[in-house]
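Participant: These protein sequence lines are chains B and U, in that order.
Per full-length UniProt numbering, the first sequence runs over residues 1 to 248.
Per full-length UniProt numbering, the second sequence runs over residues 1 to 222.
FYI, nobody ran anything at the bench for these hints, they're computed from the structure.
Some chain U residues well away from chain B (every beta-carbon gap over 10 Å; in silico):
#1 Ala-91
#2 Val-117
#3 Gly-162
#4 Ala-167
#5 Leu-172
#6 Asp-192
#7 Phe-220
Counterexamples of contact, computed for chain B against chain U with all Cβ distances above 12 Å:
#8 Val-21
#9 Arg-23
#10 Glu-25
#11 Pro-27
#12 Asp-40
#13 Ala-50
#14 Thr-71
#15 Ala-77
#16 Ala-237
Across the chosen pairs, the derived CB separations fall in these ranges:
#17 B:Pro-194 - U:Ala-71: 22 to 28 Å
#18 B:Gly-127 - U:Leu-7: 47 to 53 Å
#19 U:Ala-71 - B:Gly-127: 20 to 26 Å
Heads up, the beta-carbon is just placed ideally off N, CA and C, and yes, glycines get one too.
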Amino acid sequence: MRAFAQVVAEADGRGGTRLAVLRGESPLLLRRTGGRSGGDATVHLVGGAAGPLRGDDLRLEVTVRAGAVLTVRSVAAQLALPGRPAPASRLVIHASVAGTLRWLPEPLIAAAGCDHHTSSVIEVAEGGELVWRDDLVCGRHAEPSGDVRLDTTIRYGGRTLYRHDLTVGRHADGWDGAAVLGGGRAVGTVVAVPGLPGTLTASPGAALMPLAGPGVLATAVGADIRQVQAALDPLCATEAPTPLPVAA
Amino acid sequence: MSLATLLVLADGRLPAGGHAHSGGLEAQVSAGRVRDLDDVFGFLRGKLATGGLVSAAFAAAACRRPGEWAALDDGLDARTPSPALRKASRAQGRALLRAGRSMWPLPAVVRTAGGTVPRDMHQPVALGLLAAGAGLGPLDAAVAAAHGVTTGSAGAAVRLLGLDPYAVHGLLARLAPECDRIAAEAACRSDDPVDDLPAAGSPLLDIGAEHHATWEVRLFAS
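Chain B on its own, in the form it takes in the complex (with noise of 0.2 Å):
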């Protein structure tokens, strides 16, 4: 399937964010949840097929201009499959950030045989603010992990703060290995610009760096995805900025 689907997020002048553009087509549904009485605005992404399978090519463009605040989220995990012999499934996202974006989808699960490759690259201008999740499950239960890549690009102010690519599958060399993800199968990684409300709770498998441009990044592996949520999910919660302690 191809599909394409684009949200802008404007300042509404009364302090609101209004959505000026919001569409979809299957199998990349956007929707506008939560009340309208705040400053920001809630977009689920919602997805309208199984997938992404393999010969999928998948597009979404979110602009956030000065002043609007978005919130992105998606009512289930994305589950790669493998499908029919076809090229990867792809999907690939553009982001413009004028006002404040916060990017916290459900993890996706690569699927046993699955091929599959996200390609994000976010441009910040100067004085934007960013929350950037993503997380990734290598495998359902008990079986091996899928083919996925994600390669993330993220620049603030016309400059490339954060550039990093992780590849997991049979055919990623070393990839468990305990350089990359050792017994993990989940890894979950956080961008923030200018930074996050909380910090860590000290855990072997998880660590807040400081980027050499503004921002941090918080990573965290773990056995399960369980693991990763108890490291990050405080980091990103909107309302409560105090982080709750996290499992070792």
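Using the hints, position chain U against chain B.
Facilitator: The following block gives chain U in isolation, referenced to the frame of chain B:
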């Protein structure tokens, strides 16, 4: 290119402080993720495919276009989220430039914005510039970088785990063809824009380096 010159550049005995670093292995040994020879092999394969490819690509790019060393240095900052790893890479870069001053002149285009010879940069960029100064090519620089990524950690493995040094060198021999393949890919991409150069990350190396930096007693600097 001169094969003997490449051997001098890639030699572990080059006095650039490499022996003080375990390439992240000490943290993983302490965390219990690396216990035996098989674990060391898994560690080295993953490190070569990620940080090894990135180092090789930046060394090759710095060798091919030394005038862009500052942009390449920024590119490594963006690929090194761990402050501890940035510090370790810059310490090794400075040590390599210091050792290199008595060996080969840096290309004349390598200057800071103030017109002086730079002293502070990430190790792969320094390696690439030194290779260019030595008259070597991008592929040579990439081979030296990929090779250095594996040998440093392998040497540390013998000391940290008390492994049989013959067996550990056996791993390096098995990885040599992979080093060649990684170096060839790196050299092929050495003309790419900085953002398009390899950026393969290693989450456990980042996490381990941050924990390691807080230890009061450790055998290796990183």
